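Chain residues, written in single-letter form:
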Amino acid sequence: MRSATAVAWAGGIVAAAVTLLLPLWLSPANLTVYTLAGLYAVTAIGLSLLMGYAGQASLGQAVFFAIGAYTVAAASLHGVPTALALVAAPLLAAAVAALVGIPILRLRGHYLAFATLAFQLIVLSVISNTAFLGGGIGFAAIPSLGVNGAVLTSARGFAWLSWAVTAVAMVLALNLIRSRPGRALRALATSEAAAESAGIAVVRYKLAVFALSAGFAGFAGGIYAFFIGYLSPDSFPVELSIEFVVMAVIFGLGSVWGALLGAAGISVLVQVLNQVGTAPGMPEYMPTLLNYAAYGVTLVLIMVFLPGGLLPALRSLWARVAGRRGDPGGPVGPGQGAGGPSAVALGTALASALRLSPAKDAGEPTPEHARRQ
Amino acid sequence: MSALVDYLISGLAIGCGYALLASGFVAIFRVTEVINFAQGTLAVLGGFVASSALTSAGLPHGLAEALGVLAAGGAGLLFGWIAIGRKGTPPLASLVITLGLAVAAYAAEIAIWGDQPISYTALPGDFVLAGAHLLRQYLLVIGASLVALLGLGVFFTRTYAGKGMTACASNKFAARVVGINVRRVGLYAFGLGGLLGGLAGVLLIPIEPLSFNSDIGLAVSGFAAAIFGGLRSFEMALVGGVVLGVAEALIAGYWQASYQTVVALGLMLLLMIWQARGRMELA
Amino acid sequence: MLKATDLVVRWGAVTALDGVSLSVADGEMVALVGPNGAGKSSLVQALAGLVRPAGGTVTVEGRLAYVPEGRQLFYDLPVEDNLALGAWRGRNREPKRVYEVLPELAPLAKKKAGALSGGQQQMVAVGRALMADPEILLIDELSLGLAPIIATGLANQLKVLHETRDLAVLLIEQNAEMAFDLCSRVYVLENGRIVTSGSPAELRRSETVRRAYLGAGGAFQGTGDGTAGGGAAASDRA
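Protein chains in written order, with the numbering used here: chain Y, 1 to 373; chain W, 1 to 283; chain B, 1 to 238.
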């Protein structure tokens with residue numbers, strides 16, 4: 001399989017080069033899409049790790065994005081050097097996650113999902129009521145990100161910053177997956193009980209992944225604040241959290257490249273729909289309507305038909321087309337196929353660990369189930 | 001004193017609405033183990049359809065609301081079919097599906113009804129109690145809710161179909177043994193959740209206008225009330241709804257309306273965490 | 001009449017039944033014995049239509065009712081509702097006719113099923129099955145978890161029912177001694193296959209059967225806790 005990994009590496013490098021050069025040719029409007037796609041991708045990667053590896057559903061991930069953004073805004077508007085504020089953003093988001101995670105992560109799947117949603121609503125409500133945080137109106141005229149007098153203001157500059165941040169996030173995530181803690185996480189994802197008996201401190205790992213995913217989102221949120229220049233509680237609604245879920249789920253949980261593709265794909269789709277929606281003759285609410293339709297329908301279709309995500313399905317399709325039976329060795333992102341189960345098996349395993357798809361060989365309730373009832 | 005009566009009665013009315021929503025969550029969860037994130041959407045749909053029936057179709061009150069409730073019931077069946085109709089969809093996946101349905105419903109709602117808040121007047125006028133001026137609508141909400149919840153109780157304990165549904169909730173395997181089609185009963189549970197949600201919508205919309213994204217607030221409040229009973233008890237859902245509604249009214253009245261959310265949700269979180277105590281010790 | 005031909009049942013990668021054939025004629029009382037994990041529950045669930053077999057066929061002529069292992073009642077509902085629900089597939093939901101056959105249940109009608117003793121619950125489970133007016137009865141581990149005297153009492157009641165209603169009964173039992181006493185024919189299931197069958201008398205003559213299920217020399221009675229006499233030997237072979 002060494003040739004497959006080499007192909008994968010080559011593919012990854014080509015993708016990186018292409019995306020790096022892309023901002024040279026994009027229009028200002030598309031540069032915004034590009035930049036935001038990168039920031040959303042970073043958040044989606046963190047969420048994908050959380051849902052895929054720690055098996056924790058999070059319907060409120062946008063809250064950490066918001067915490068990062070607000071840290072940057074509040075800090076820099078109150079005199080903190082912007083670069084420092086940006087460093088503080090992920091740290092604060094991660095710290096909040098760690099604190100909140102302690103009581104919350106012990107909740108069962110659906111309760112946890114609602115708890116994360118509730119937490120987002122609470123934080124947004126608190127922010128709306130706190131003058132220091134801009135209240136319901138929020139912050140405008142956020143200072144530009146800069147170091148020692150050099151400031152970042154160009155659209156292209158932000159696009160490249162977004163690229164860099166995404167690249168770093170991907171490298172971090174991929175290395176994490178391949179590392180010893182990453183293997184422990186994978187064990188945790190497949191069976192908590194087994195992982196625990198193997199001596200893995202399940203709770204600590206879950207907390208760590210939760211905090212890490214929050215850190216990713218927080219950092220992205222921080223850059224978002226500098227990029228957009230203004231924000232309010234309305235910038236981070238529950239719908240945004242759901243958008244992150246769609247991005248993470250659509251190509252397959254636990255897949256770093258999947259999260260990137262999801263974020264990029266959705267961002268492009270939304271931009272296209274915006275073009276359609278703002279065409280002459282369209283009612284004013286059309287872009288919003290199309291957005292909701294896109295997210296909602298995508299989420300429903302994926303969860304009903306391919307809860308393991310598109311990547312595993314595409315890979316098995318590729319394997320069948322290329323004539324290979326069973327375990328496909330097809331194009332794999334750098335580091336994905338290294339040493340672990342095949343990507344297809346992993347995607348489905350993670351989805352079933354999160355209990356988003358039935359365990360691979362599930363039939364009718366087993367006699368054990370019957371006995372337990 | 002009159003202020004207190006105002007808060008208590010208005011809180012009780014809203015709380016009854018929450019109790020209806022909560023009962024929808026309970027009805028669905030008991031049978032299917034799915035949390036219907038679109039429960040709030042069903043309320044909004046019910047209210048919207050009733051409003052259209054009143055204004056566009058010129059239907060009289062009573063009939064229009066009934067239409068709204070039935071439409072919500074139908075929507076519930078549809079949501080249920082999508083969420084659990086396919087064999088082998090685990091409950092958590094179904095939860096995420098209802099999430100997607102709620103978002104997709106936004107698009108449909110905006111397309112049909114636009115993005116502005118909608119309301120109508122059902123029972124106009126007010127009455128005076130202990131010096132407080134109260135909307136007559138509050139009485140309608142409280143009365144209708146209690147009747148509906150009583151009817152629900154009768155359904156589950158005295159009708160064969162209701163007992164069948166309770167059986168599915170009690171022991172799925174045994175239900176299948178006696179020949180009950182558990183998945184179909186799950187669909188009916190979704191339909192029932194739709195009816196309850198729709199009723200909440202048509203009762204609440206005269207008090208607080210609803211728009212397409214009002215579903216989140218309603219769903220969260222309904223869910224908060226439902227977990228008073230661990231998502232399994234209708235009686236506790238009623239208690240939870242009333243407690244929540246009154247608490248919110250008191251907070252809005254004596255403190256600040258914008259803190260309602262924080263307190264209601266904070267209460268829900270504390271309750272959930274407390275219910276889960278002892279499940280997991282920090283290593 | 002109940003017949004299974006070359007039945008194959010799989011749970012994922014595990015094959016629980018590997019080509020099982022058996023039959024129960026009208027009015028016959030047949031036993032199925034075997035150690036834990038032999039596939040008895042898979043077999044009876046396939047016969048009851050709760051599990052789709054991966055291969056083979058099940059032929060059922062007549063109404064079939066299933067008394068599952070471990071009672072499996074609606075514990076939150078009262079006894080009378082448990083019984084009424086047994087008639088889900090039928091029309092007559094009146095539990096009175098079950099009270100005639102199992103009079104001990106009549107005073108318990110309004111009691112919650114979860115509050116009953118093991119023996120009472122087992123009686124409710126049987127009564128619930130009877131509500132379907134079955135011609136064929138599948139009973140999985142009637143005596144499991146019951147004190148010997150209760151199990152024996154139930155077994156006798158079952159015998160009476162079988163005779164008065166001319167029911168075809170398939171009795172799945174770990175308590176082989178009791179099964180041999182009640183039934184006219186016995187199948188032995190091990191590791192997903194029928195290894196032997198015949199009348200109780202024939203099987204008693206087999207040394208291997210005696211040692212595995214009836215206790216060496218037949219002198220050791222089955223213990224009332226549901227394990228076959230000579231249980232150690234049986235599990236050694238499992």
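To be clear, the hints were calculated from the coordinates, so they are not data collected in a lab. All values derive from a computational prediction rather than experimental measurement. Don't take each hint at face value.
Computed footprint of chain Y on chain W, listed as stretches where at least three residues anywhere in the stretch have a Cβ under 8 Å from a Cβ of chain Y [unchecked claim]:
#1 80–90
#2 96–107
#3 249–259
#4 263–271
Going by beta-carbon spacing under 8 Å, a handful of chain Y positions derived as facing chain W [said to hold, decoys possible]:
#5 110
#6 128
#7 129
#8 239
#9 289
Heads up, the beta-carbon is just placed ideally off N, CA and C, and yes, glycines get one too.
Evaluated hints:
| no. | hint | in the structure |
| --- | --- | --- |
| 1 | 80–90 | holds (count 5) |
| 2 | 96–107 | holds (count 11) |
| 3 | 249–259 | holds (count 3) |
| 4 | 263–271 | holds (count 4) |
| 5 | 110 | holds, 5 Å |
| 6 | 128 | holds, 6 Å |
| 7 | 129 | holds, 5 Å |
| 8 | 239 | holds, 7 Å |
| 9 | 289 | holds, 5 Å |
Of the numbered hints given earlier, the model fails none.
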